[in-house]
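> Could you build the full structure based on these sequences and the hints that come with them?
Number of protein chains: 2
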Amino acid sequence: MNLRGIFKQRTSSTVARERLQLILAHERAESGRPDLVITLREEILAVIAKHVAVERDKVKITLDRGEGVSTLGVDIELPLNSSAKFAAEKEKKAA
Amino acid sequence: MNLRGIFKQRTSSTVARERLQLILAHERAESGRPDLVITLREEILAVIAKHVAVERDKVKITLDRGEGVSTLGVDIELPLNSSAKFAAEKEKKAA
Numbered sequence: 361m362n363l364r365g366i367f368k369q370r371t372s373s374t375v376a377r378e379r380l381q382l383i384l385a386h387e388r389a390e391s392g393r394p395d396l397v398i399t400l401r402e403e404i405l406a407v408i409a410k411h412v413a414v415e416r417d418k419v420k421i422t423l424d425r426g427e428g429v430s431t432l433g434v435d436i437e438l439p440l441n442s443s444a445k446f447a448a449e450k451e452k453k454a455a
Numbered sequence: 361m362n363l364r365g366i367f368k369q370r371t372s373s374t375v376a377r378e379r380l381q382l383i384l385a386h387e388r389a390e391s392g393r394p395d396l397v398i399t400l401r402e403e404i405l406a407v408i409a410k411h412v413a414v415e416r417d418k419v420k421i422t423l424d425r426g427e428g429v430s431t432l433g434v435d436i437e438l439p440l441n442s443s444a445k446f447a448a449e450k451e452k453k454a455a
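So the sequence lines, in the order shown, correspond to chains A and B.
Residues in the first sequence are numbered consecutively from 361, following my numbering.
Residues in the second sequence are numbered consecutively from 361, following my numbering.
Copies of the same chain look alike in the list, so a pair counts if it works inside one copy or between any two.
Pairs of lysine-lysine residues, derived as DSBU-like cross-links and limited to a Cα-Cα distance of at most 35 Å, are as follows:
#1 K410 / K420
#2 K410 / K452
#3 K418 / K453
#4 K418 / K452
Worth flagging that the hints you see were computed from the coordinates, not collected in a lab.
Source: prediction; values computed, not measured.
Set out below in structure tokens:
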């Protein structure tokens, strides 16, 4: 199941905006927790927001509960170079 | 780019172990931070470990730095029903 190749091709030749995509899939046993991906969603978004400037209206979240597999998709459009700028500001504060 | 379908089919008819898979892809601008997915990796693993029993030797991590796209893959085999048991214990402690 090679997902990596899917991300390989740039979606556009020059990147107008940076983009962060996350797929979280939980293949569960019959009695496994169906809500695990939902529980993890907010905490993972909070981790991401610590490192890049996330604009709430640029975050697309999808949730799919298949038979035995729950899949969470998060697609975040980042302002250009927000990750680099964010890191620079953090370093300034730490200095 | 529909990744969801990939996770739809169960990898085995009866699930002997639960499984959590995460793909994090950062499509970056030329000057974007190449290390963002590495920075996020440990903190996301820590979030997951708060909710399910993660055995370090059952965690497979792959990192791929393509042209303009960094992709982190995390594949965690969970002991059967660990997520359900973990949630039950947490509720007991909270009560």
